[in-house]
Amino acid sequence: MWKRFFSNIGALIGVAILVTVIAVALLAPVIYPQGPWQMVQRPFLPPFTVDGLPLGTDTLGRDVAAQLAYGARVSLLVGLVSTIVALLIGVPLGAAAGFYGNMVDEGAMRFTEFFQTIPNFALAIVLVAIFQPSLASITLAIAIVSWPPVARLVRAEVMSVRKREFVDAARVAGLTPRRILIAQVLPNTVSPIIVMASLMVATAILLESSLSFLGLGDPNAMSWGYMIGAARTVIRSAWWLSFIPGVAIVVTVLALNLIGEGLNDALNPHLARKARA
Amino acid sequence: QQEGGRLDIVVQPEPPGLMLGLVQNGPTQLVSGDIYEGLLRYNTDLEPQPGLAESWEISEDGLTYTFKLHDGVTWHDGEPFTSADVVFSADVFLRETHARLRSSLAYVDSIEAPDDRTVVFNLKEPFGPFINAFEVGTMPIVPKHIYEGTDYATNEMNATPIGTGPFKFDEWVKGSHIHLVKNEDYYIDGLPHLDEIFYRVIPDAAARAVAFETGEVDVLPGGSVENWDVPRLTEMDGVCSTGKGWEFFAPHAWMWLNNREGPTADQKFRQAIMYALDREFVKDVVWNGFGTVATGPISSKTNFYSDDVTIYDHNPEKAKALLEEMGYDGEPVRVLPLPYGETWQRWAEAVRQNLSEVGINVEIDSTDVAGWNEKTSQWDYDMAFTYLYQYGDPALGVSRNYVASQISKGSPWNNVEGYENPELDEKWEAAATMVKPEDREAAYAEIQKEIVDDVPVAWLLELEFPTIYRCEVKNLVTTAIGVNDGPRDAWIEE
Amino acid sequence: MSDPVLSVEDLTIGLPEGADRAHAVEDVSLALAKGEILCVVGESGSGKSMTANALMGLLPPGVTVRTGRAMFEGRDILSLPEPQKQAMRGERIAMIFQEPMTALNPLMRIGEQIAEVYAAHDRYSTSERKKRALDLIREVGLPDPEKIVRAYPFQLSGGQRQRAMIAMALALEPTILIADEPTTALDVTTQAQILRLILDLRDRHGMAVMFITHDFGVVAEIADQVIVMREGQIVERGAAATVLGAPEHPYTRRLLDAIPTGRLPEARQLGTVPALEIKDLRKVYRTGGGFFKPVREVRAVDDVSLTVARGEVLGLVGESGSGKSTLGRAAVRLITPDAGQVLVGGTDIAALSEEELRKERHKVQMVFQDPYASLNPRQRIIGAITDGPITRGVPRKEAEARARELLEIVGLGADAATRFPHEFSGGQRQRIGIARALAMDPELIVADEAVSALDVSIQAQVLDLLRDLRQRMELSILFITHDLRVAAQLCDRIAVMQKGKLVEIGTVHEIFQSPQKEYTRQLLAAVPGAEWNREGSLTA
Amino acid sequence: MQVLTAIVGRLVKAFLTLLAIAILNFFLLHAAPGDPAVVLAGEAGAADEQMIEQLRERFGLDQPLYVQLGKYVWGILQFDLGYSFRQGAPVSELIADRLPATLLLTMTAFGISLVCGIAVGVAAAARVGKPSDTILTTLALLFYATPLYWLALMAVLVFSVWLGWLPGFGYETVGANYTGLERMLDILKHLILPALTLGLFFMSVYMRMTRASMLEVSQLDFVKTAKAKGLSGPAIRRRHILRNAILPVVTLAGLQAGQLVGGAVLTETVFAWPGIGRLMFESLAARDYNTILGVFIVSAAMVIFFNIVTDLVYRIVDPRIGATA
Ligand SMILES: Nc1ncnc2c1ncn2[C@@H]1O[C@H](COP(=O)(O)OP(=O)(O)OP(=O)(O)O)[C@@H](O)[C@H]1O
Ligand SMILES: Nc1ncnc2c1ncn2[C@@H]1O[C@H](COP(=O)(O)OP(=O)(O)OP(=O)(O)O)[C@@H](O)[C@H]1O
Ligand SMILES: [Mg+2]
Ligand SMILES: [Mg+2]
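So the sequences go chain by chain: A, B, C and D. Taking our numbering, the leading residue of the first sequence gets 1, the next gets one more, and so forth. Taking our numbering, the leading residue of the second sequence gets 278, the next gets one more, and so forth. Taking our numbering, the leading residue of the third sequence gets 772, the next gets one more, and so forth. Taking our numbering, the leading residue of the fourth sequence gets 1312, the next gets one more, and so forth.
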């Protein structure tokens, strides 16, 4: 599986980009100990004009490169944590629905459908506005709007795995349903979940930046969306201020998508079966 | 002077309603200032000019104000306008709906209409600033024949406002624009010059700038684009700008400092803040050079301003010393920015940076408009940005923020910081009721000198919102409320 | 022999890198004469399908013809440019596939799909095409042609779909018909009908047929010529009678030996202690009932009573959908019956609660049909075998020791314990499944089509193992199969089911030699290549 | 008869869902800090307690929460979305004013993205592995990864500021008083940029889905049957693969309609498009409860409508559904 993953050029590029972004995020406090908010120079310096400020300065004369590095922390953190939270909601719900069926399924699916009926970005806006923007509330809001597809996917996977004969075998062996679900069924659904999770991180990063753009970001956390939102008003005079973080988002999301597709190819049972036959 | 033409003006945000007697927020005043009129208008030196009243007289004792109304004025629906409308508006309608006017009306004993064209206000005691209370946003005259005896808030006519002004309401396409057309029967011959006005709703500041650049709109009233865009736009060919037209409001920005609890309850801490802040930097960078660093509670554009006060320059050392002196233990303070766009956000970030440089731990509290209102009015903040209008006179727009009688939970426009100084309270009260301007001048100078040392709030800037417009548009800003009632006299040069 | 219409010479088909071998087929040569049926037999993966696909020009991506020619109507069809191959397909050479369920486009009416063959080759007007499609449907013996033309595939049974496929293949009266396991997915009765249809059509149209199968019964039924393939090579060829009667190559012999023949084993003495008693069992499935569908009821098991004695192997046979699996699953309580009792050693497990049931579970175990699906791909073998005993309270050490011992018994060796399922072949996996069942010390094993998915040679090994275990452990087995020959090999008694009802039950000899019911007789007659009575196997 | 019960059942379910959404959001909104009366009073530039009390009374905010909820739900049951005190108009009127714009925008974007997405997806699948496929999929990935609002900003910058080809904001030329065809063309001109930016993201989603689905379907057995019949590649793609591959795409597209409606908030903001997304966002800051709830209900209804439509399409295209086997 890993062999196939790493023979995929797209996936390799994705991993390389992501590793770079993660490294920058982790090293941000080392490279820029003064933080992203420090005003260091004249405002509106274009990139590559002043030594030591490769990406120039923003509207208040803060180092854009430092902002970008710290922004990576927030974007990745929000993306990751919200995905984990979404999985924590979606996986158990979908698994229970798919495994126990009947009333449980009915209830869980109605609940999921309900959340899918509310336009998700609008719901995220309301949630963040209500809980007041902070990293925690943004992450939670993103998680709340992004779990339904997880639940649906897990449900479908569990339903198909549940029909496989080894599940019957486990029942005949006298295992309790809960143990069958956890030890036998769920491990067989991880591949599609992993693929979906990698794409969800990407979507979450986009969502965070969109919220931030609308002014619903955490004012104490530097994020890429914040940078674009802040630079939007000067897009005419300093377009690069929104362009640079925009590219950062595009590249990171692209990397995550490439990885997701690579994983999909590597884990896809369809292709795997073909190779086995 | 040329007749005709159309003017496109940005209005932001979209007004909640156009019935000026019910809603007095900025966008409503901008649009409805053309539909409704007050008894008086004010020039940029805040001197009263004829409005619906063609002349007026104040008795020697300052207790009787007599207005002679214009002849031949009609409402937009054709009904004649009379003194009864004025009495109804001031005494009945606005008393119920207009909080700001209500505090001025408290000085009024009675309002009479001896004849169709005369209105007399009788005051209980002299009230110096009363002559400033007849501006259209403060006392809009509303039609008695439409509102008398109805539920004002739900009257159907609110959707199609009827005034006496130079322009008539035509159409409101929600989310897009409001269309006003020339009032052909306007009582001043030759006015207005323009045929129609479109107030354009464009929610995004950058889009507003683009709209101006591409010629979609002709006028950007103060504050409609972010400050960073102002120099770029004004440098374009054929574009003019003016800082005038805000004298009546004289927007004054400061941070509420919670005088009740936390480090901000300590006068030394508050003074330290004043020294820590680099207000010149903010003016130059965040506000792009617009505005003036405030020296105290009264704007230099307002009557009775005095600069004979302690000047707080940017002096981090002094700030640190003061903090040392008070024994500041690093307790974090929260800053609540004003949720009015990027400029204010940047300002809060600059403040956080300034304060952290002198060792104050700052966290920015984030919130939207409703949250900001809630937090300030419920006193749930340490430091909170705001800016308020001065309405031409300290007694109207300044004292309310510093006197103890104005401490009351639930409103973000009174003495929110919780400053209590009984001695000064008396001086404010006395200054308001003096008849002679020279006396008031002296009284206010004394007040300013004293209060600035106390730093009840952290005064920041006298804001300047330049109005940007195409140079073909003439005579647009001639009054103290600028574009709000400017289109009456404006004309376009081909 | 007349001139061959098709002659393949030294065909070698290369597989992409990473496949299990370099060539799918190597140096294959064969000839096909007009009106002749050539059967290609061999185990799974021996290259049968690849040969056929190469002739059609339908090799999957990555798989290429390396060398060789295939002369047909004076041209080498392997090296034709794609447009000409396309023109040839369907018109000169037609093909039908194994899976009738998926080989038709689910969104297109049957008539359209048949008429499409004409459209593809620009024949006839639209209305003419329709008429001809209708004729074809009639010719392949589909009932109610006017209705079938307008039907969608899902409205047809498997056999009907396969007929529709054949109709398509016949549309342009091709010279050659290639049939890649066209009956494997069908039950015996339907299979017999389809084979008869193909023979019939061959006679009427004089097509040459290349028939791919792994079932020697089918070969015996229809073949003129036979080719036996193994790992991409032809190991034996010749006339059907010769190859079946006197095989030369050891592989062919092995294959033929492994075939469960009609020969019946000697009857054994049976005990009378019942291991499993089923009384008046009933299970009704209700499906549908959505907004747009009425509720559909299927009486899968309808008041069936039977007994399996200690040490007995009871075969349960019947065509697809007759309720065999349902009965078997009810016996292990994977299904809760609607009525009736399932007595195992005297306890009615049908009436137990979930909790109580788990304690009794071990008494009845099951061996599942699909050796791939019945093992958790992410669990080591040892875990699969010990899960049950450990849940029952057997200490882990003990359970693992026993598991190793059982792996030895089923002939895998104790070191298989730590491997994952994908590291085993199908037959080996089925042994693991048996070891897993045995680990629970059951009184009865339900084997639901436990050997159906296996190649004949492997099938024989597993059957041997079961026979051996029956002797050694005094196991009772409920052996479910649709393959009567397999049933004849292993079982003591046979129960025949039809549409949920028990039609007939009796000893193997009674059932096979003097079936009482018409349905049983039909079933027996439909088995390809079966000659129960003529072989006189009673005494064998 | 059965179809009728089915439709009635769906409608009842939809109505219950909407009710639940209204109730949930009612509580969410009321849990939020902020008071519409204070906001409204505040915008007047001054307020006193008397005024705020008056406003609260007028808004019904002085009553206990459950009474407010009861009143609201009672209204909903009578298809009454309540009154916006802030805007001084019935919510249904406010929404009706804005809905056409949103519908126009989202439907156009949906149409463009679905049609183009499927077309490009089919084209890419037909050239799988070739450079043109790589280019198309990379482009789609790029659009997928680009934040919507950023794309919108850049589009305005390039096409309306620098090039001056298209209007950068608004719904129509204000005050031009166009009628008939002229007006339609004018609106169309304004529609291009917002619909494209909103559509591009979803187009890339549908394109990727179509491509994957096409490739999956092309593995299915019946495709081999079609080849064996002698059909040409394009004919197989058109008649067999596409028809089967498009179903899951349409279903997913229907499910994703919610995102489309949500995405409109950003597009409407950047392009000053007078739709309900902006109405919601602006009302949110003012805690104009009834308006926000109304927008939520209406947009959820749109999502349900989208779902029902795709469901119907599915039923029409796929004979297996709805038939009794
Ligand atoms: N698409 C493919 N890619 C790579 N190798 C393949 C592919 N299809 C089949 N093979 C390999 O080609 C060889 C021959 O396969 P083929 O399908 O011809 O076998 P078969 O005799 O038809 O078996 P079965 O009875 O299972 O259908 C096998 O080794 C198989 O693994
Ligand atoms: N879960 C289910 N839901 C609805 N109907 C079912 C279900 N399982 C089986 N059936 C139906 O019950 C009948 C009996 O099915 P069963 O699986 O017992 O047959 P079988 O004899 O084992 O057939 P096969 O040889 O094909 O395995 C069939 O008509 C089948 O369609
Ligand atoms: Mg094959
Ligand atoms: Mg079965």
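To be clear, the hints were calculated from the coordinates, so they are not data collected in a lab. Any given hint could turn out to be false.
Below, a sample of chain D positions facing chain B; criterion: calculated Cβ distance under 8 Å [stated by the list, open to error]:
#1 Pro-1344
#2 Val-1350
#3 Ala-1352
#4 Glu-1360
#5 Asp-1373
#6 Arg-1397
#7 Gln-1398
#8 Gly-1399
#9 Leu-1410
#10 Leu-1414
#11 Tyr-1482
#12 Ala-1596
Quick list of the computed label-pair ranges, beta carbon to beta carbon [unchecked claim]:
#13 D/Tyr-1489 to B/Asp-354: 46 to 56 Å
#14 D/Leu-1563 to A/Ala-16: 24 to 34 Å
#15 C/Ala-1010 to A/Arg-179: 24 to 34 Å
Cβ atoms here follow ideal geometry from the backbone N, Cα and C, with glycine treated the same way.
Hints versus structure:
no., hint, result
1, Pro-1344, "holds (5 Å)"
2, Val-1350, "holds (5 Å)"
3, Ala-1352, "holds (7 Å)"
4, Glu-1360, "holds (6 Å)"
5, Asp-1373, "violated (13 Å)"
6, Arg-1397, "holds (5 Å)"
7, Gln-1398, "holds (5 Å)"
8, Gly-1399, "holds (5 Å)"
9, Leu-1410, "violated (11 Å)"
10, Leu-1414, "violated (14 Å)"
11, Tyr-1482, "holds (6 Å)"
12, Ala-1596, "holds (4 Å)"
13, D/Tyr-1489 to B/Asp-354: 46 to 56 Å, "violated (29 Å)"
14, D/Leu-1563 to A/Ala-16: 24 to 34 Å, "holds (31 Å)"
15, C/Ala-1010 to A/Arg-179: 24 to 34 Å, "violated (59 Å)"
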